[in-house]
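Colleague: Listed below are the residues making up each chain.
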Amino acid sequence: MIWRDIESIRTEAPVVHNITNYVVMNTTANAILALGGSPVMAHAAEEVEEMTGLARALVINMGTLSAPWVTAMLKAGKAALGRKIPVVLDPVGSGATRFRTETARRLVQEIRPTVIRGNASEIRSLLHSGPGTKGVDSRHAPDEVLDEARALSRSAGCVVSVSGPVDVIVSGDAVTRIENGHPLMTKVTGMGCTASAVTGVFVAANSSPFQAAAHAMAVMGIVGEMAAERAQGPGSFQLHFLDVLYGLQATDIAGRLKMLVL
Amino acid sequence: MIWRDIESIRTEAPVVHNITNYVVMNTTANAILALGGSPVMAHAAEEVEEMTGLARALVINMGTLSAPWVTAMLKAGKAALGRKIPVVLDPVGSGATRFRTETARRLVQEIRPTVIRGNASEIRSLLHSGPGTKGVDSRHAPDEVLDEARALSRSAGCVVSVSGPVDVIVSGDAVTRIENGHPLMTKVTGMGCTASAVTGVFVAANSSPFQAAAHAMAVMGIVGEMAAERAQGPGSFQLHFLDVLYGLQATDIAGRLKMLVL
Amino acid sequence: MIWRDIESIRTEAPVVHNITNYVVMNTTANAILALGGSPVMAHAAEEVEEMTGLARALVINMGTLSAPWVTAMLKAGKAALGRKIPVVLDPVGSGATRFRTETARRLVQEIRPTVIRGNASEIRSLLHSGPGTKGVDSRHAPDEVLDEARALSRSAGCVVSVSGPVDVIVSGDAVTRIENGHPLMTKVTGMGCTASAVTGVFVAANSSPFQAAAHAMAVMGIVGEMAAERAQGPGSFQLHFLDVLYGLQATDIAGRLKMLVL
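If you're matching them up, the sequences are chains A, B and C in order. Counting from 1, position 191 in the first sequence corresponds to residue 191 in my numbering; the numbering is continuous, with no gaps. Counting from 1, position 91 in the second sequence corresponds to residue 91 in my numbering; the numbering is continuous, with no gaps. Counting from 1, position 64 in the third sequence corresponds to residue 64 in my numbering; the numbering is continuous, with no gaps.
Simulated from the structure, these hints should not be mistaken for lab results. There's no promise every hint is true.
For identical chains, the list gives no copy identity; a pair is met inside one copy or between any two copies.
[As the list claims (entries may be wrong)] Cut-off 20 Å, straight-line C-alpha distance, at most; resulting in silico cross-link-like pairs (EDC-like, lysine to aspartate or glutamate):
no. : residue 1 : residue 2
1   : K187      : E12
2   : K78       : E49
3   : K84       : E229
4   : K187      : E7
5   : K78       : E46
6   : K187      : E102
7   : K258      : E229
8   : K187      : D173
9   : K187      : E229
10  : K187      : E225
11  : K75       : E229
12  : K84       : E102
13  : K84       : E7
Owing to the predicted nature of the structure, the values given are computational and were not obtained by experimental measurement.
Only chain A is shown next, with the shape it has when bound in the complex:
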């Protein structure tokens, strides 16, 4: 089923509109291209609604947040909601500052994202007021946050995808766990953001956001493992990540997938 999504992506090259952060724009555009999608990056209030209308999915990433970008995120998100285009929200750094936490909560409420994808601290911050995250890193193991992910999935009415050593994807009561991945992925900036962008491509190709979110994390983990095996460090890892993603075959997935649907 993952492979069917990939074939569909490679054939149809779905346009994915990204309102994302400066740090990872290049990285995530290249990941979307390597996977077979068509990335568009645009953030001006003057055009985001029109641009979202040309896309089959919208990815909103709060990485280098500022007020004009929040305006654009809300406009694009509402346009997507109106046209029933799926939206992936990556609440980067939510919990670290009030501005981020409040913006993330507002985006969840007003945009009603299809998938929220973040680390455990970010997911937790959307439910509770509590101590800040350590920047964009996570202090909580994904397993501990399963209850929070379930609560958020129910209250926000969306799929919640929590990345970590084990990825947990939740939709109401349904849970998928993915044990692929490699520690070197934490030594490269923007791998979480790339996971969100890749999730955007999969929600464009698969009408089940729960499946799409799980397939995206499985592909991230498998490609990450294969790239890490070829890499000498975080520099060569990035190169191999794109090369492996571009050349990914059905047998790579079949041979490596560690996905458990609960």
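Once you have looked at the hints, place chains B and C on chain A.
Modeller: Chains B and C alone, transformed into the frame defined by chain A:
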């Protein structure tokens, strides 16, 4: 003649001022450096006129457009016009949204660029009102757009450089076709933007914008071919692209050039 | 002593808050990660004070300067000053335009940075009004600027770290010279910005800013040499730079260090 330009660039390291998009800033700065130029990236209204005055060429790229950047583009472009510094305009995504199409047309009219470099859809959008482009991709083969390029070259009084499987460079009635390049170049973000930046370096080094634009596209295509032969995918392609561009020799050009001056 | 800093960085993963430029955000975040630190990039006036409060060092880099970013730099810098968090200022392009020179001088005066790290032209511009720099390149050899660095160190009450073929780090009368490095480093964009980011990680780990600034430049130079030996050009250099930095060992430093404490 291409080689003479490259030797001049490597000797003189011309400063090229770029007002470009977030996605490709790093990529294009590195391409300008690898070719032998000196990139400057600056976009504040407070300084763009002064910065353009320090440069031998200005590259304006609409990739991640917003209102404050349009202001800066107009200011810098008019400063370049006043000082007779050549300007390369890359109307990224023109045709996709009204904001982009209107901005691109306004830039053409008020700045009178020396070279407009884009794909077929972007070039077409500057002449006709019509259906949107598919994001920043092109729906039209460059050959089909030759008439439009000629019309734009005449109405805007500039060189028009249309990239695609075959690159077409037009100046009034004069046409140069370049058949170098590799399909892998479409799987890396910002290769079109890199072509515009490289065109900016060549117009700084060669007083004929028509020759400069053609030489730039020839170098892009040849370096792209050589990098693709060494690459395993879009990740390693990017690395080899910069390495090959940095080490490019006269024999590489002589042995590979597929340029037809009509 | 350099090695003790690196061990401490790898163990503690200090959070370094960066307000830096679009061109190098990805590069410097990856360098901080490869060294063992935790990068945070955030620039919104709404949150920079709070974000700086979560960090052990602040890096301010003027690369793609604009008015809203100056506001954020001042806010974050004052928060750091109030909380005694060390600040590294990279006055990119100071001397090239009035806007940059005035902003750099204002930041020095109002933020009182712990370390100013730049090239010779930028350092000189902070003392004298004079001719512009050639973009962000340097026209002056570091040795010639030693007197200026001393004067700036005294007037601004901070460490001054001047990069060039020979790096010079000055604190009042104390001077350290570092002769590591490789010419290929000038063919990659953002190596100076990376030096500033790496300095930010070292000032977070070593309570002596003078030592920290010198250790940072020594590591930059040594890693640059090792990467250049493995590279075929500026593309592969970048990959090896991150890989080497990530895997750096005590023997690499002991075998290559060319540091002279005067």
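Colleague: Now tell me, hint by hint, if it's right for this structure.
Modeller: Okay, the hints, checked on the actual structure:
For the homomeric pair K187 and E12, the shortest alpha-carbon distance between copies (14 Å) is at most 20 Å, but the shortest distance inside one copy (33 Å) is not. In this assembly of identical chains, K78 and E49 lie within 20 Å of each other by CA distance solely inside one copy; the values are 8 Å within and 31 Å between copies. When the C-alpha separation of K84 and E229 is checked against a cutoff of 20 Å, the pair qualifies neither within a copy, at 40 Å, nor between copies, at 43 Å. In this assembly of identical chains, the alpha carbons of K187 and E7 lie at most 20 Å apart only when taken from different copies (16 Å versus 30 Å within one copy).
In this assembly of identical chains, the alpha carbons of K78 and E46 lie at most 20 Å apart only when taken from the same copy (14 Å versus 24 Å across copies). For the identical chains of this complex, K187 and E102 are neighbours neither inside a copy (28 Å) nor across copies (37 Å), given an alpha-carbon limit of 20 Å. In this assembly of identical chains, K258 and E229 lie within 20 Å of each other by CA distance solely inside one copy; the values are 17 Å within and 35 Å between copies. Taking CA atoms no more than 20 Å apart as the test, K187 paired with D173 passes in neither setting, with 33 Å inside one copy and 39 Å between copies.
Only within a single protomer do K187 and E229 lie at most 20 Å apart by alpha-carbon distance; the minimum there is 15 Å, versus 23 Å between protomers. In this assembly of identical chains, K187 and E225 lie within 20 Å of each other by CA distance solely inside one copy; the values are 13 Å within and 22 Å between copies. In the homo-oligomer, the alpha carbons of K75 and E229 never lie at most 20 Å apart, since the shortest distance is 42 Å inside one protomer and 44 Å across protomers. For the homomeric pair K84 and E102, neither the shortest alpha-carbon distance inside one copy (25 Å) nor that between copies (28 Å) is at most 20 Å.
Taking CA atoms no more than 20 Å apart as the test, K84 paired with E7 passes in neither setting, with 23 Å inside one copy and 51 Å between copies.
Going through the hint list in order, the structure does not satisfy hints 3, 6, 8, 11, 12, 13.
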